[in-house]
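Novice: This is what each chain is made of:
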Amino acid sequence: MSEATKGNLLDISNLTVRFHGERTVHAINGLDLTLKPGEILTILGESGSGKSVTLKALLKLLPKKRSEISGAMHVDGVDVLALKGQALSAYRGKTVSMIFQEPALALDPVYTIGDQIAEAVMRHEKVSRKEALAVALDMLKRVRIPSAESRLKNYPHEMSGGMRQRAMIALALACKPDLLLADEPTTALDATVQIQVLLLLRELQREFGMGIIFVTHDIGVAVEISDRIAVMYAGNVVEEGTVAEIIKDPRHPYTQGLLAANLHDADRSQTLASIPGSPPPLDEKPDHCSFAPRCAHARDRCYAALPPVHRPGPGRRVACILEDASDPAEKPGAMAEIH
Amino acid sequence: MTTSENSVARAAPGNVQAADRGGPAQPLVIARDLKRHFPVRKGIFNRKASAVRAVDGISFTVRKSETLGIVGESGCGKSTTARLLVGLIGLDEGDLIFDGEKLGEELSLNDLWSGVQMVFQDSYASLNPRLTIEETIAFGPKMRGVAAPEARRLAHELLERVGLAPARFAGRYPHELSGGQRQRVNIARSLAMKPRLIILDEAVSALDKSVEAQVLNLLRELKAEFDLTFVFISHDLNVVRYVSDRIMVMYLGEVVEIGPVDAIWNHRAHPYTQALFAAMPSMDPDNRTQVPPLAGDPPNPIDPPSGCRFHTRCGFAEPVCGTRKPRVVAVRGDAGHEAACHMLDGQSGHSKAGETGEVRKELGEV
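First to last, the protein sequences are chains A and B. Just so we're aligned, residue 461 is where the first sequence starts under our numbering, counting upward by one. Just so we're aligned, residue 25 is where the second sequence starts under our numbering, counting upward by one.
I should point out that these hints are in silico values taken from the structure, not numbers from a laboratory. Since we're looking at a predicted model, the values are computed, not measured. Treat the hints with care, as some may be off.
[Claimed, not checked] Okay, derived cross-link-like pairs now, DSBU-like style, lysine-lysine, Cα gap no bigger than 30 angstroms in a straight line:
no.	chain 1	residue 1	chain 2	residue 2
1	B	72	A	613
2	A	586	A	520
3	A	613	A	544
4	A	613	B	66
5	A	554	A	524
Based on the provided sequences and hints, a complete structural model is requested.
Specialist: Encoded structure:
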């Protein structure tokens with residue numbers, strides 16, 4: 461690790477993920493991402509932008525035979541790509557844990573909630589079953605599941621959607637991970653339940669102090685949950701900044717388009733400012749700005765090379781040539797930053 | 025889903041939009057006390073144990089050329105309402121009056137199907153994977169007796185209209201298209217039947233935000249061009265606000281509030297409407313939500329709470345809410361804006377009662 465990345469909980473540099481099969485898909489293309497301990501970062505992007513693939517790569521959950529991963533990923537200084545066997549099992553669930561979009565599919569239908577949480581605790585903490593069940597009970601109380609004692613003996617199908625998602629959060633946090641990965645955990649929930657789960661996650665983050673990477677396609681959700689937002693498009697981050705920077709001062713045309721398409725306070729008498737076209741197929745490794753074909757500001761330079769990554773401030777970056785004029789620090793070598 | 029839609033297509037003769045019969049003042053749809061319960065069966069004799077009260081006595085109108093937005097959480101009956109309006113499932117009780125003609129009396133189901141179309145949430149599941157999109161769009165008109173070359177021409181025209189170049193797309197199969205493109209095909213297919221009313225059941229919910237905006241713009245153009253009436257169902261309040269003229273808020277099979285979009289946006293009368301709106305992400309990083317507006321999940325519609333169905337989650341609930349069903353009341357004397365809450369009803373006995381509401385004269389009257 462370089463000097464600049466010290467003290468980071470998570471460090472992803474130049475991550476590239478390629479899937480081979482009937483056709484090759486360049487899912488992630490040179491991704492750089494960092495997370496400080498106790499920080500909540502939202503990866504915002506549309507389907508196919510590579511946000512879920514990033515999370516799965518972090519847990520080494522991608523199919524081994526079909527995926528080709530290069531670059532580096534470090535969590536707490538541990539080289540994730542080098543992990544295997546026992547060390548990998550210890551890493552999953554203890555150092556990094558994950559919650560999924562559909563708790564009904566992620567939980568095991570033939571074990572009770574209590575058993576599933578206790579199993580994870582026994583595996584990682586080397587405690588007795590009785591102690592592990594006590595931890596499970598404590599966790600269910602912390603995620604505010606009413607009458608937790610009886611819920612411990614419930615099977616997943618006996619709970620409502622919101623309750624199952626709480627149970628899954630309890631399971632993910634039972635071993636006090638340093639990093640929690642959340643893959644659209646509120647997308648399948650009703651609006652009134654979604655806000656409850658978001659507030660709960662914020663509260664638990666303060667209580668446990670873990671870092672969270674939250675993946676969503678909903679800007680409103682990102683605003684509610686995160687400290688920082690990284691906007692992904694075609695397998696790379698196009699813009700990153702604090703929530704306020706992204707919402708109040710979006711620089712990348714894609715971010716601007718996404719914000720307009722959110723319809724918050726949209727004028728009903730006006731046609732919506734929509735982004736034309738659809739995301740690129742990623743059959744080939746991008747050699748120019750992937751957003752250019754849909755961009756109103758595109759010019760010849762956009763098709764000639766990958767866009768320069770501008771870093772106007774700490775934790776802020778924009779990958780767009782439009783920033784050239786406004787970036788005093790621009791130097792000839794800026795292009796090299798992306799690869 | 026595909027089979028029922030095909031039967032919709034087969035029903036009507038000819039290929040012209042049904043004439044306006046009742047005049048502009050006659051609402052296109054009057055729904056009166058619609059009820060639909062689904063039995064839950066148990067045991068080896070399939071004994072009826074209980075019923076999901078999916079739609080439980082709702083009344084509303086859809087005016088000509090307007091967009092009525094229906095919002096509510098899962099299990100509130102919005103999709104069942106949509107299916108009742110299209111005639112995909114039958115009514116248990118209640119009347120459906122389409123442009124002045126009552127379904128089952130002056131109006132047969134076949135006649136209803138000639139005027140109503142539906143677009144579903146899952147753009148892939150609602151297309152036949154074995155038909156090219158040209159065949160899919162031409163299928164309905166052909167079943168109505170339109171000659172094949174004419175139906176094909178119509179399909180190409182509609183593809184062009186929804187923004188899919190026929191030369192590139194006509195011969196493709198659904199799996200060769202993206203979600204947004206498939207939803208455009210579904211919209212073109214519904215237009216091929218020359219409907220007057222299109223029910224859009226979460227039609228843009230599965231799309232990415234940037235694509236959703238494109239489809240909403242398209243719907244807006246088509247509505248004006250073909251003089252359509254929309255019933256737009258969505259859980260996304262921002263989208264509903266953008267497309268709708270009036271909004272209907274449902275909770276556990278009942279209508280809790282209905283009114284013009286601006287009236288509801290500026291004055292949410294029912295506590296559930298207030299909670300639902302408050303649950304929307306704030307979009308203001310300096311002013312994030314601190315307290316969830318409601319605790320817990322929506323109750324099970326199999327055995328809904330007595331009295332006002334919302335009283336188990338309502339912050340203002342009093343004993344009267346658990347025992348007596350609230351009456352539908354005009355909000356602030358505005359006849360177009362109604363809500364069903366004891367707090368708005370001066371004679372309900374609720375301690376906060378009668379502050380802004382007026383009792384509506386007759387129940388069930390729309």
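Novice: If a hint holds in the structure, say so; if it does not, say that too.
Specialist: Hints, verified against the model:
1. With a CA separation close to 29 angstroms, the supplied pair residue 72 of chain B and residue 613 of chain A stays within the 30 angstroms bound.
2. Taking the CA atoms of residue 586 of chain A and residue 520 of chain A, the gap is near 24 angstroms; set against the 30 angstroms cutoff, the hint holds.
3. The suggested pairing of residue 613 of chain A with residue 544 of chain A is violated, with an alpha-carbon distance near 34 angstroms, which exceeds 30 angstroms.
4. With a C-alpha separation of about 24 angstroms, the suggested pairing of residue 613 of chain A with residue 66 of chain B holds against the 30 angstroms cut-off.
5. Annotation: proposed proximity of residue 554 of chain A to residue 524 of chain A holds, straight-line Cα distance about 22 angstroms (limit 30 angstroms).
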